[in-house]
Amino acid sequence: MVDSQRGSTMVDSMSETVQNEVTAVAAATGSKDPEVALAAVAALRGLVEVLEALNVEHARAEGWSWEAIATRLGVTKQAVHKKYAGRRFRLGRGSR
Amino acid sequence: MRDRFADQARRVLDLAREEADRLGHRYLGPEHVVLGLLRDDTSAGAAVLRGHGLELEEARAELGRLAERGIVAGPRPSDAELLGTLGIDLDAVRQRTEQAFSPHAVQQATREATRARRLGIARVPRTPLEGPPLLIGRMLHFAGERADVLGHATVGPELLLLGVLDDISRPWPRCMSNRWRRRLLAHLGLPTSYRGAARPLLEAFGVDLDQLRDALIARLQGIPR
Numbered sequence: 008m009v010d011s012q013r014g015s016t017m018v019d020s021m022s023e024t025v026q027n028e029v030t031a032v033a034a035a036t037g038s039k040d041p042e043v044a045l046a047a048v049a050a051l052r053g054l055v056e057v058l059e060a061l062n063v064e065h066a067r068a069e070g071w072s073w074e075a076i077a078t079r080l081g082v083t084k085q086a087v088h089k090k091y092a093g094r095r096f097r098l099g100r101g102s103r
Numbered sequence: 007m008r009d010r011f012a013d014q015a016r017r018v019l020d021l022a023r024e025e026a027d028r029l030g031h032r033y034l035g036p037e038h039v040v041l042g043l044l045r046d047d048t049s050a051g052a053a054v055l056r057g058h059g060l061e062l063e064e065a066r067a068e069l070g071r072l073a074e075r076g077i078v079a080g081p082r083p084s085d086a087e088l089l090g091t092l093g094i095d096l097d098a099v100r101q102r103t104e105q106a107f108s109p110h111a112v113q114q115a116t117r118e119a120t121r122a123r124r125l126g127i128a129r130v131p132r133t134p135l136e137g138p139p140l141l142i143g144r145m146l147h148f149a150g151e152r153a154d155v156l157g158h159a160t161v162g163p164e165l166l167l168l169g170v171l172d173d174i175s176r177p178w179p180r181c182m183s184n185r186w187r188r189r190l191l192a193h194l195g196l197p198t199s200y201r202g203a204a205r206p207l208l209e210a211f212g213v214d215l216d217q218l219r220d221a222l223i224a225r226l227q228g229i230p231r
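Protein chains in written order, with the numbering used here: chain A, 8 to 103; chain B, 7 to 231.
Some hints could be false.
[Claimed, not checked] If you want a taste of the chain A side facing chain B, the calculated C-beta under 7 Å gives, among others:
| # | residue |
| --- | --- |
| 1 | Leu45 |
| 2 | Ala47 |
| 3 | Arg52 |
| 4 | Leu54 |
| 5 | Glu56 |
| 6 | Ala60 |
Think of the hints as simulated: they come from the structure by calculation, not from any bench.
All C-beta atoms, glycine included, are put in the ideal place defined by N, C-alpha and C.
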């Protein structure tokens with residue numbers, strides 16, 4: 008029992024080293040290494056998509072027009088409408 | 007559906023997620039569930055696995071070797087680390103967003119943004135605001151099926167393991183290999199032929215899968231319902 012416990016901590020610290028190395032690589036190379044930089048961009052895009060969806064839905068619930076939303080986002084009203092009009096989730100109870 | 011899972015099975019899944027994190031895997035697969043089972047050494051499922059020669063440390067090391075062979079993903083930086091390289095604090099973003107809207111709204115927006123069947127507009131395979139993708143749906147389904155057949159009301163760790171074994175042995179329908187899934191697998195650093203790595207993991211220890219399944223079913227029939 009004690010042995011397996013010790014073995015487990017050993018492996019834990021081993022994988023933590025691997026983990027730290029990955030983190031270090033990510034931090035050190037910053038936006039230079041394409042491997043890390045592109046993955047970071049992809050993560051950022053995932054974040055942006057959710058934030059945009061949340062805020063567009065919120066604006067609609069507040070009674071904003073598609074055109075007003077589109078102007079703020081810097082796209083055409085058709086683009087925003089196409090992307091968000093068919094969405095099934097609603098943030099507020101406001102009438103559309 | 008989560009109600010069907012016994013507390014112990016949930017703990018196994020939580021441990022599995024920890025194991026995936028520790029390996030630097032950004033998804034949860036059946037192979038991590040096997041590790042989670044081994045970590046929770048009070049369960050009969052763990053005892054059966056150990057009886058077949060599996061130990062936690064060796065299993066972890068074996069997954070490392072499988073990563074070198076390209077069967078599972080190698081360690082990758084997490085979303086928080088990736089965004090950190092850009093100077094973005096993911097936890098702060100999450101906290102503020104959930105404060106401004108609600109956790110439920112964030113969840114809904116996440117689901118919507120990553121939904122497979124949207125009109126092809128700006129879909130993203132996943133977003134940092136959600137947890138790692140769970141590639142264990144089939145396995146959980148089979149565990150539930152086995153629970154029905156054996157007359158168990160809840161799914162315990164042993165049934166999870168049985169689900170893993172069924173997941174290995176039952177054929178994959180062609181629809182499970184679609185463009186969306188291939189894209190997700192590639193995004194996670196997995197080969198497109200990935201069907202869960204529990205089979206290579208168990209076979210590396212010379213486990214006879216049929217024998218293991220029989221041993222488990224025998225155990226389960228002895229467990230009070």
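Here is what the structure says about each hint:
1. Taking 7 Å as the C-beta contact cut-off toward chain B, the hint placing A/Leu45 at the interface is violated, the least distance being around 10 Å.
2. Because the closest C-beta pair between A/Ala47 and chain B is about 4 Å apart, less than 7 Å, the hint holds.
3. Because the smallest distance between the Cβ of A/Arg52 and any Cβ of chain B comes to about 6 Å, under 7 Å, the interface hint for this residue holds.
4. Against a cut-off of 7 Å between C-beta atoms, the interface hint on A/Leu54 holds, since the closest Cβ of chain B lies about 5 Å away.
5. The restraint placing A/Glu56 at the interface with chain B holds, with a minimum CB-CB distance near 4 Å, inside the 7 Å limit.
6. Given hint, A/Ala60 at the interface with chain B, holds; its Cβ is 4 Å from that chain's nearest Cβ, closer than 7 Å.
Going through the hint list in order, the structure does not satisfy hint 1, though it satisfies all others.
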